[in-house]
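Asks: Sequence:
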Amino acid sequence: MIGKATKMNEADLKQINEKIRARMDELERQSQAGKDAQSVVELDQQSIGRLSRMDALQNQAMAKAHQVNRDLKYRRLLAALKRIESQEYGFCEDCGEPIPNGRLELDLAATRCVSCASG
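For the sequence shown, the positions run 1 to 119 when my numbering is used.
Rather than coming from a laboratory, the hints here were simulated on the basis of the structure.
You may find that some hints are simply not true.
Label pairs and their calculated CB-CB ranges [what the hints assert, rightly or not]:
(1) GLU93 - ASN69: 19 to 29 Å
(2) LEU57 - SER86: 20 to 30 Å
(3) ASP55 - GLN32: 17 to 27 Å
(4) SER52 - ARG76: 28 to 38 Å
(5) ALA61 - LEU13: 38 to 48 Å
(6) LEU13 - MET54: 42 to 52 Å
(7) ASN59 - ASN9: 19 to 29 Å
(8) GLN87 - ARG53: 21 to 31 Å
(9) ASP55 - GLU10: 43 to 53 Å
(10) ALA33 - GLY96: 32 to 42 Å
(11) SER115 - LEU72: 18 to 28 Å
Backbone N, C-alpha and C define an ideal beta-carbon position, used for all residues, glycine too.
Sequences and hints are given; from them, build the entire structure.
Replies: Encoded structure:
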């Protein structure tokens with residue numbers, strides 16, 4: 001059961017802001033750690049075998065896909081910070097009703113209430 005929607009006070013918003021920034025920092029660290037995995041795969045088959053090169057290409061593709069996912073999460077969190085600044089955070093972008101606190105705890109960047117998100 002997703003928690004009941006309640007109006008957030010300044011302390012709540014400050015805590016959420018800190019959680020969002022911590023998550024953004026974590027995503028940046030993960031991005032830095034994943035840079036090597038996204039680097040160009042060596043074409044010289046003399047230095048590595050064909051199967052090893054195929055593994056390296058597959059690992060590179062997965063690393064790039066993870067980076068795209070991290071970038072999307074980062075942009076969603078950045079948008080959530082902007083909603084906090086504009087005092088729109090915690091309200092459904094479709095119906096304008098408050099988003100339940102439990103939903104926001106699960107997804108800090110949620111923009112829609114359960115009803116609107118489920119269609």
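Asks: Would you mind marking each hint as holding or not holding in the structure?
Replies: Hints, verified against the model:
{"no.": "1", "hint": "GLU93 - ASN69: 19 to 29 Å", "verdict": "22 Å, holds"}
{"no.": "2", "hint": "LEU57 - SER86: 20 to 30 Å", "verdict": "44 Å, violated"}
{"no.": "3", "hint": "ASP55 - GLN32: 17 to 27 Å", "verdict": "23 Å, holds"}
{"no.": "4", "hint": "SER52 - ARG76: 28 to 38 Å", "verdict": "36 Å, holds"}
{"no.": "5", "hint": "ALA61 - LEU13: 38 to 48 Å", "verdict": "39 Å, holds"}
{"no.": "6", "hint": "LEU13 - MET54: 42 to 52 Å", "verdict": "49 Å, holds"}
{"no.": "7", "hint": "ASN59 - ASN9: 19 to 29 Å", "verdict": "47 Å, violated"}
{"no.": "8", "hint": "GLN87 - ARG53: 21 to 31 Å", "verdict": "53 Å, violated"}
{"no.": "9", "hint": "ASP55 - GLU10: 43 to 53 Å", "verdict": "52 Å, holds"}
{"no.": "10", "hint": "ALA33 - GLY96: 32 to 42 Å", "verdict": "40 Å, holds"}
{"no.": "11", "hint": "SER115 - LEU72: 18 to 28 Å", "verdict": "24 Å, holds"}
The structure is inconsistent with the numbered hints 2, 7 and 8, although it conforms to all the rest.
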